[in-house]
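Trainee: One-letter residues, chain by chain:
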Amino acid sequence: MLEIIKAGLETSVQDFPGRWGHWEQGFPPSGPFDMWSFRLANVLVGNAPEAAGLECQFVGPKIRFSRDTTIALTGATMSATLDGKPMPQWESVAVAAGQELTTGFATKGARSYLAFAGGIDVPAVLGSRATFHMAGVGGFEGHALKDGQQVPLNKGQGAPGRRVRDECQPAIASDGCWTIDVVRGPNDDWIDDEGHQMFLESEWTLQSRSNRTGYRLTGPEWTFAERATSKGPEHGEHPSNILDHGYPVGSVNLCGQTPIILVSDAPSAGGFINPYTVPSAAFWKLAQSKPNDTYRFREVSVDEAQALRREIDGLCSETSLN
Amino acid sequence: MIYDEPRFLPGGDRYIEMELGDELNFDLNFLVHSLTAKIREAGIGGVLELLPNMASIVMAYDPDRISYDDLTREIMTLYDAMGSLENIELLSPVYTLPVLYFDHRTRECWEDYCATITEKPYDPDLMVELNNLDGREQLARIHSGTEYWVAALGFYPGLASLISLDPRCRMTAPKYNPPRTWTPKGTVGYGGSVTCVYPDRTPGGYQIIGHTPVPVCDLEQRLPAFADRLALLRPGDRVRFQPIEREEYDYIERRVEEGTYVHTMTAYSKFSIREYHAWLETLDMNAQF
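Top to bottom, those sequences are chains A and B.
Numbers given in my numbering equal positions in the first sequence, counted from 1, plus 1281.
Numbers given in my numbering equal positions in the second sequence, counted from 1, plus 1.
Hints may be right or wrong, so weigh each one.
Straight-line alpha carbon distances no greater than 16 Å define the calculated EDC-like cross-link-like pairs of lysine to aspartate or glutamate that follow [what the hints assert, rightly or not]:
| # | chain 1 | residue 1 | chain 2 | residue 2 |
| --- | --- | --- | --- | --- |
| 1 | A | 1512 | A | 1574 |
| 2 | A | 1343 | A | 1428 |
| 3 | B | 186 | B | 126 |
| 4 | B | 176 | B | 126 |
| 5 | B | 176 | A | 1518 |
| 6 | A | 1512 | B | 23 |
| 7 | B | 176 | A | 1574 |
| 8 | A | 1512 | B | 254 |
| 9 | B | 186 | B | 201 |
| 10 | A | 1287 | A | 1331 |
Stretch by stretch, here's where chain A covers chain B in the computed footprint (C-beta under 8 Å, at least three residues) [said to hold, decoys possible]:
| # | region |
| --- | --- |
| 11 | 98-107 |
| 12 | 118-130 |
| 13 | 149-157 |
| 14 | 230-242 |
Just so you know, these hints were derived from the structure itself, not from any lab.
Because the structure is a prediction, the values reported are computed rather than measured.
Glycine is no exception: its CB is placed at the ideal position from the N, C-alpha and C atoms.
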């Protein structure tokens, strides 16, 4: 059992790859935002990659353990301590019953991941333990953790002292400037050449009104192609409006003049265009960025995006450990 | 317009948007759901999600199991093999949802909006005026006088976009500006020419004209209709609204609370677009509801 002394800002149970197969009825995939760090936390404690763990956002939790286990903390740096002594990240650590783990503010990155040998024991909802807290689905009672809760753990054996080699960890930008891969489409034909050039050559700032649903960006004005301005009334009034359609997770959804990158808990459909899509291999960068960080986008092909994904998948294994 | 050749558009490393046309059109939406059913039936390895909407399907796929090109090729083979739209029949259960029109809950919500956000006319009266109706009674007769087609689900879990199958029952309604900060769970709304039931207490923008005591989303899966699902409706299903009085409303609400309410639905119903087109031809478009 984990006793949640302090829950942190928004700490939630997640699993990999999240909730798939129910999107048609409006349930998004959810799951860990930075799947690279999450999977490596599980690898460290000897879990299968799909075992449920915790995603800690910006301010991490304080937890007392009610039995011996093995844990690992990956992702953002959160100056963790175990009974007051500094605890290493990216390394499996043995904890004894009664010990207290304290995590603080994320200093480098924004989200860290806590895995426990055996994983968190909550019931699967629609095939997943991931939390979709907007609708109260999955995780621990449907929502982010609260102070005083008791979260059950599965039995599991892990070995302490296993470490992820530096070169196998995501390189979290310490200066807050990120290059984010994007694939053109699906609705790139609604933007004119000037608009595409503007998007790819400009610097974009991440707004503070950003969360696991969407990342809102501030930047220059978009310009539109003819399709966006001469269209049937069912498409809506604004050039960025389109007849309701499905939204790929990762799509750069243009609401008026505000691009919103739709992420893990995003709505499945709506009436705005998606001129670009951030591929899954770049999600960890979104997950680890903070409000006021800046993005520049780099266009990649579908093939390149798939190759990047395979590269990361390959790193999420025992071969990345010392 | 239904395109002669559907368009395939990439969405990153694991999504494809397939555009079958470019307008709000029942035949096009029926085509979308027929193709979605064919793709599902075919069980193409590596297809993870199918998200049909008004005129397009977004698919999620696993690029380690199927390539972009192979997937679009397989979809086109299924599309070409569908033959004439007229010959397609789809399984399409009809759900009957009881509605108390002009109820206390949506009235309270409208009053709260007027008091805390901005004054606006009572939603049913606004719809009566904009659609040149005789009064609220006619609004309820028109709204409950047709079956609705579940054209799409999305935006929020269990939220279905319903379009009327009887063209004589198609009304229009503007959206709230600014939107409401809350809407009672079970509210029946109307926006553009689409009606919906709010699956949960959420913000909203549709005009609100009634309330159903019957859940369309049940995360705890308490009622029998939710044994294999959290959300009642799927694209291609149909909905009929049954006007009820307050006494019946209170009775149904108690049954829902007890966990004994049984949804009225027909799992066996099929929808034939040939028969639908033939029926449309017989309609007296001047008939009054």
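Trainee: Please go over all the hints and tell whether each is borne out by the structure.
Mentor: Now for the hints, and whether the structure bears them out:
{"no.": "1", "hint": "1512(A) x 1574(A)", "in the structure": "violated, 36 Å"}
{"no.": "2", "hint": "1343(A) x 1428(A)", "in the structure": "holds, 9 Å"}
{"no.": "3", "hint": "186(B) x 126(B)", "in the structure": "violated, 22 Å"}
{"no.": "4", "hint": "176(B) x 126(B)", "in the structure": "holds, 14 Å"}
{"no.": "5", "hint": "176(B) x 1518(A)", "in the structure": "holds, 13 Å"}
{"no.": "6", "hint": "1512(A) x 23(B)", "in the structure": "holds, 9 Å"}
{"no.": "7", "hint": "176(B) x 1574(A)", "in the structure": "violated, 35 Å"}
{"no.": "8", "hint": "1512(A) x 254(B)", "in the structure": "violated, 45 Å"}
{"no.": "9", "hint": "186(B) x 201(B)", "in the structure": "holds, 4 Å"}
{"no.": "10", "hint": "1287(A) x 1331(A)", "in the structure": "violated, 26 Å"}
{"no.": "11", "hint": "98-107", "in the structure": "violated (count 0)"}
{"no.": "12", "hint": "118-130", "in the structure": "violated (count 0)"}
{"no.": "13", "hint": "149-157", "in the structure": "holds (count 5)"}
{"no.": "14", "hint": "230-242", "in the structure": "holds (count 6)"}
Taken one by one, the earlier hints fail for this structure at numbers 1, 3, 7, 8, 10, 11, 12, listed in ascending order.
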